[in-house]
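**Student:** Sequence:
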Amino acid sequence: MRTDVPVYTAEVAARRSVTPNMVRITLRGARTADGELFVSCGRPDEFFGLWVPSAEGGDAKRYYSVRAWRPEQDELDVDFVIHAAGPATRWARDARVGERVSFDLPRGHYVVPSHAERVLVVGDATALPAIGRILDERPPDGPSVHAILSVDDIADRQGFPIREGDVLRWVAADAILVAVVEATAEAIPTYLWFSGESSTMREIRRHLRHELGWPTAHYMTMGYWRRDAERWNEKFDREAALPDQLAAIWENGEDDETQRDLADALLSRYGL
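Note that this note's numbering numbers the sequence shown so that position 155 is 155, with each residue one more than the last.
Take these hints with a grain of salt, some might be off.
The following label-pair restraints were derived from C-beta to C-beta distances [unchecked claim]:
1) 186 <-> 16: 35 to 43 Å
2) 265 <-> 31: 42 to 50 Å
3) 174 <-> 93: 27 to 35 Å
The set of hints was computed from the structure by calculation and includes no laboratory data. Glycine included, C-beta positions come from ideal geometry on N, C-alpha and C.
Sequences and hints are given; from them, build the entire structure.
**Tutor:** Laid out in structure tokens, this is it:
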């Protein structure tokens, strides 16, 4: 089924503040046009594309994690980081109980390999919903967790279920990479999951893949947002040949991580 069109429609059942800069929207009664109930993809970092009203008219699609799924109550929670602007921020600030909203199929990437004795979860505020669910839903006999988390405002730190043997560190945004390098220097079989700012993601991925030589099954890195998005987009748009060059990489038949290597190298040559 295509994931670039809405699949489910749900009703806003509740809205509340989690921290000063994060809002939780509870959605109820998610159904397809044929009346099929929402079903989780089964991975705790699952996310979907959410359609919200755009200031320019029409709808804009933005990606959000499912913080919690309660099938017995026909509900799911979605947490929104409240930025200064953006269609999803505006919608989350003003959402009213009873409103309808649409989203596409959920998917996720979090798969802990059997070798792992530790899970290293890393992210900024945008990753906290997924990390919270990872911690909530991990099996009782699962590996210990080392969490490296960052928020701009100390008031946005959240409490998470921590067990004996776990480590929880709050660091500044510019200290995330150093903290990851320190943690991965320990000789512990580890699975790393990161989501957050795109340039930080590229640095962490480069460290794991090219400096440490980790197999691709031992980590998952995703960029949720870009710190210099306006400059980056303007520069990208000026490079007329770049979209076709990237398309050729994604269509070359190589494995995903090799394609990412090639795309990163290409973007770096353009100063992106």
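**Student:** Each of the hints needs a verdict: does it hold here or not?
**Tutor:** Status of each hint after checking the structure:
| no. | hint | verdict |
| --- | --- | --- |
| 1 | 186 <-> 16: 35 to 43 Å | 39 Å, holds |
| 2 | 265 <-> 31: 42 to 50 Å | 44 Å, holds |
| 3 | 174 <-> 93: 27 to 35 Å | 28 Å, holds |
The structure is consistent with each of the numbered hints, conforming to all of them.
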